[in-house]
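> Sequence:
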Amino acid sequence: MAQPPTTSAPPSAPPSAPPSARRPGRARRLRALAAGVLAGTLLWAAGPADAAPADTSRRAPAAGRPAGPPAAGQAAGRDAAPPPTGSAAPGDDWLHTRGNRIVDAHGNEVRLTGANWFGFNTTERVFHGLWSVNITETTRAMAQRGINIVRVPVSTQLLLEWRDGRAAVPSAVNAYANPELAGKTTLEVFDHWLDLCEQYGVKVMLDVHSAEADNAGHVHPVWWKGAITTEDFHAAWEWVTARYRGDDTLVAMDIKNEPHGGAGDSPRAKWDGSTDQDNFKYACETAGKRILAVNPHLLILCEGIQIHPKDGADWSSTDAGHYHSTWWGGNLRGVRDHPVDLGAHGDQLVYSPHDYGPLVAPQPWFTGDWNRATLERDVWDPNWLYLHKENTAPVLIGEWGGFLDGGPNEKWMTALRDLIAEQGLHHTFWCLNPNSGDTGGLLLGDWKTWDEEKYALLKPALWQHRGKFVGLDHRVPLGGAGSATGLSLTDVYGDGGGGPADTAPPTAPTGLTATATGATSVTLRWSPSTDDTGVTGYDVHRDGVKVTAAPVTGTTWTDTGLTPATRHTYTVRARDAAGNTSAPSAALTVTTAPAGGGEPAGTLKVLHRTTDGSLTDNAIRPELRIANTGAAPVDLAAVTARYYFSRDGGAPSVSAWCDHAALGCAGVRLRVVPLSAPVAGADAYLEVGFAGGTLAAGRDTGEIQLRMSKSDWSAFDERDDHSRAPSSAFTDARTVPAYTGTALVWGAPPA
67 MAQPPTTSAP PSAPPSAPPS ARRPGRARRL RALAAGVLAG TLLWAAGPAD
117 AAPADTSRRA PAAGRPAGPP AAGQAAGRDA APPPTGSAAP GDDWLHTRGN
167 RIVDAHGNEV RLTGANWFGF NTTERVFHGL WSVNITETTR AMAQRGINIV
217 RVPVSTQLLL EWRDGRAAVP SAVNAYANPE LAGKTTLEVF DHWLDLCEQY
267 GVKVMLDVHS AEADNAGHVH PVWWKGAITT EDFHAAWEWV TARYRGDDTL
317 VAMDIKNEPH GGAGDSPRAK WDGSTDQDNF KYACETAGKR ILAVNPHLLI
367 LCEGIQIHPK DGADWSSTDA GHYHSTWWGG NLRGVRDHPV DLGAHGDQLV
417 YSPHDYGPLV APQPWFTGDW NRATLERDVW DPNWLYLHKE NTAPVLIGEW
467 GGFLDGGPNE KWMTALRDLI AEQGLHHTFW CLNPNSGDTG GLLLGDWKTW
517 DEEKYALLKP ALWQHRGKFV GLDHRVPLGG AGSATGLSLT DVYGDGGGGP
567 ADTAPPTAPT GLTATATGAT SVTLRWSPST DDTGVTGYDV HRDGVKVTAA
617 PVTGTTWTDT GLTPATRHTY TVRARDAAGN TSAPSAALTV TTAPAGGGEP
667 AGTLKVLHRT TDGSLTDNAI RPELRIANTG AAPVDLAAVT ARYYFSRDGG
717 APSVSAWCDH AALGCAGVRL RVVPLSAPVA GADAYLEVGF AGGTLAAGRD
767 TGEIQLRMSK SDWSAFDERD DHSRAPSSAF TDARTVPAYT GTALVWGAPP
817 A
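In terms of the working numbering, the sequence shown is residues 67 to 817.
None of these hints come from the bench; they were simulated from the model. Here the structure is a predicted model, which is why all the values come from computation and not from measurement. Note that beta-carbon positions come from the ideal geometry of N, C-alpha and C, so glycine has one too. Any given hint could be a false lead.
Listed next, the in silico DSSO-like pairs over lysine-lysine satisfying Cα-Cα at most 27 Å (straight line) [claimed, not checked]: (1) Lys477 - Lys455; (2) Lys355 - Lys291; (3) Lys514 - Lys455; (4) Lys455 - Lys612; (5) Lys534 - Lys514; (6) Lys455 - Lys525; (7) Lys477 - Lys525; (8) Lys525 - Lys514.
Listed next, with one range per pair, are the computed distances between beta-carbon atoms [what the hints assert, rightly or not]: (9) Gly378 - Arg735: 53 to 61 Å; (10) Thr569 - Thr614: 17 to 25 Å; (11) Gly511 - Thr677: 28 to 36 Å.
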């Protein structure tokens with residue numbers, strides 16, 4: 067992903083390149099700014115020095131290894147055999163997988179929800195920002211704000227330097243701001259930070275971000291480069307695993323950051339069943355097995371690649387049109403036919419895609435009326451989300467994040483955040499660092515002040531229980547002893563594996579609506595519930611009987627095999643990880659269409675969306691478009707559409723206004739019509755008509771923004787309204803019927 071200022075710009079990338087390859091102008095400005103910051107602040111830092119003995123006060127060396135690193139130039143522990151496969155490592159915080167969930171040693175479900183802090187992968191070979199801020203204060207702040215795991219990018223080159231006793235005192239540490247780090251080597255800084263993480267209940271994931279220690283090293287597509295061979299890559303992983311084998315602060319290893327490469331690139335990463343050097347599936351499998359032979363308790367994260375052959379094509383093609391392409395590290399389509407095999411330790415495997423928004427690169431899926439539903443259908447499901455939905459393995463989104471632009475990028479971030487929260491996915495946000503050129507960070511430019519707006523967007527995706535953040539340590543609450551904001555796993559689940567202590571049910575689902583009704587089927591959608599430990603699924607009840615065999619993991623479901631022209635009442639209940647079930651949603655009554663299609667035939671359709679975030683205020687704000695789907699022009703003077711709603715008490719008189727219309731509000735005619743008898747989801751409708759004009763074949767009216775309020779300005783409750791849109795993007799709205807004259811030509815009124 068985006069990296070900090072470099073002394074020279076990384077190679078240019080094609081317009082469709084993934085995030086790690088693109089550096090817009092703001093990155094160059096950040097490089098210049100950071101260069102000035104470094105020039106001023108690094109005067110405080112200690113200069114380079116020969117490697118000093120490491121602080122091994124709590125790092126547990128592997129069996130037969132010396133307690134500290136050897137002298138400079140001497141191979142560290144090369145003659146020591148790795149521990150036997152399956153041997154137990156000290157500590158009780160190790161994790162493993164169960165289906166698409168990650169659980170602790172007692173089988174209690176946990177969520178890894180954290181952030182990235184880069185720098186050890188760069189030429190500075192140490193966390194960025196230590197030229198300005200104190201390492202203890204920054205780590206404590208992350209823990210107190212709910213970061214329960216930190217993904218730490220490193221390089222293979224750095225690990226080999228540490229192994230060979232060539233760790234130097236970094237020049238990028240401000241010893242005035244960090245007196246506790248004065249004179250420490252990069253390895254000793256890392257060890258000191260692990261002690262801090264243990265103190266504050268934070269867990270750590272290592273990520274080999276690049277072969278070489280280089281600010282732009284991640285641009286290289288594969289895990290070997292120059293003097294760094296594939297065997298060096300595996301040996302480095304074995305060494306660092308052995309060094310920290312007894313330390314359950316370090317719980318996960320992300321094998322390689324963003325393997326990538328396009329159809330015509332060489333080298334490039336592929337994913338198949340071969341043992342070829344460029345097959346990342348094989349590289350991840352090999353590294354994982356060698357790591358687990360040393361410590362069988364670590365989680366092994368395998369990222370995706372960039373491209374995957376379409377049906378009928380294979381890896382020999384150099385035609386980009388023969389491949390599905392997505393973000394670097396984000397393409398896990400190959401897992402379906404070629405899953406990673408970790409042998410006896412298959413329950414340590416986690417797949418880890420990366421995903422970014424349009425400010426990083428203007429991808430084709432960010433054109434037109436895209437929304438969360440289209441992203442899930444076109445990008446997330448086929449590339450990686452299917453692994454979670456099909457219960458294949460857990461998914462941890464290793465990188466996601468970006469600038470808040472008040473527009474498309476923020477729309478993407480919110481959509482992915484909501485998916486993470488609703489599905490209980492694991493993730494590490496990119497990133498803490500403010501000097502990430504195409505995303506920014508959780509910290510502002512002074513490295514001390516948090517970007518509260520961005521943090522507020524992230525916060526709902528962090529693991530929380532009864533208003534506090536949950537860590538992954540059984541003894542230390544997240545934030546440290548006496549933390550006012552965090553809990554330990556024991557606080558949540560009690561001692562041992564006797565069962566969760568959680569007895570609080572999720573909130574009841576809201577906004578249950580039918581988005582499509584046919585003669586034999588009904589498609590339902592609802593707003594997600596919230597829970598202190600995470601919602602794991604939903605049960606749908608029809609006429610008082612549960613009709614879903616297994617909990618629904620999303621917020622949509624289609625009931626099939628129904629009888630035409632039959633009335634049914636639906637409710638939905640949410641479940642959490644502890645097995646608690648919510649109260650039912652408000653009931654929704656739907657009547658299936660008559661046999662023979664049941665939907666009026668005509669030349670019009672209505673599209674509807676809502677961008678109104680409040681469903682219980684004193685205004686209803688539908689936004690409509692009416693389209694001519696026929697082959698001949700339509701006289702708009704004969705067209706009307708009806709938006710059905712409930713007045714929900716208060717004054718019965720409702721007024722309606724046109725706030726904006728592409729064809730002009732002067733040409734829009736509105737009237738509110740009370741029903742003679744209330745029906746499910748409505749006691750009135752807003753009729754939308756037109757003063758005149760013609761709607762050409764294949765065209766629509768453009769956006770019409772409407773607003774209704776009662777004469778006493780009392781509140782509505784739109785959650786059960788028949789015509790309310792479930793989407794913030796324009797979608798076909800069969801709950802908003804349309805008429806030509808008195809003939810119903812689209813949709814259906816409520817029964």
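> Compare the structure with each hint and give your call.
Status of the hints after comparison with the structure:
no.: 1; hint: Lys477 - Lys455; result: 23 Å, holds
no.: 2; hint: Lys355 - Lys291; result: 22 Å, holds
no.: 3; hint: Lys514 - Lys455; result: 39 Å, violated
no.: 4; hint: Lys455 - Lys612; result: 21 Å, holds
no.: 5; hint: Lys534 - Lys514; result: 23 Å, holds
no.: 6; hint: Lys455 - Lys525; result: 24 Å, holds
no.: 7; hint: Lys477 - Lys525; result: 16 Å, holds
no.: 8; hint: Lys525 - Lys514; result: 18 Å, holds
no.: 9; hint: Gly378 - Arg735: 53 to 61 Å; result: 54 Å, holds
no.: 10; hint: Thr569 - Thr614: 17 to 25 Å; result: 24 Å, holds
no.: 11; hint: Gly511 - Thr677: 28 to 36 Å; result: 32 Å, holds
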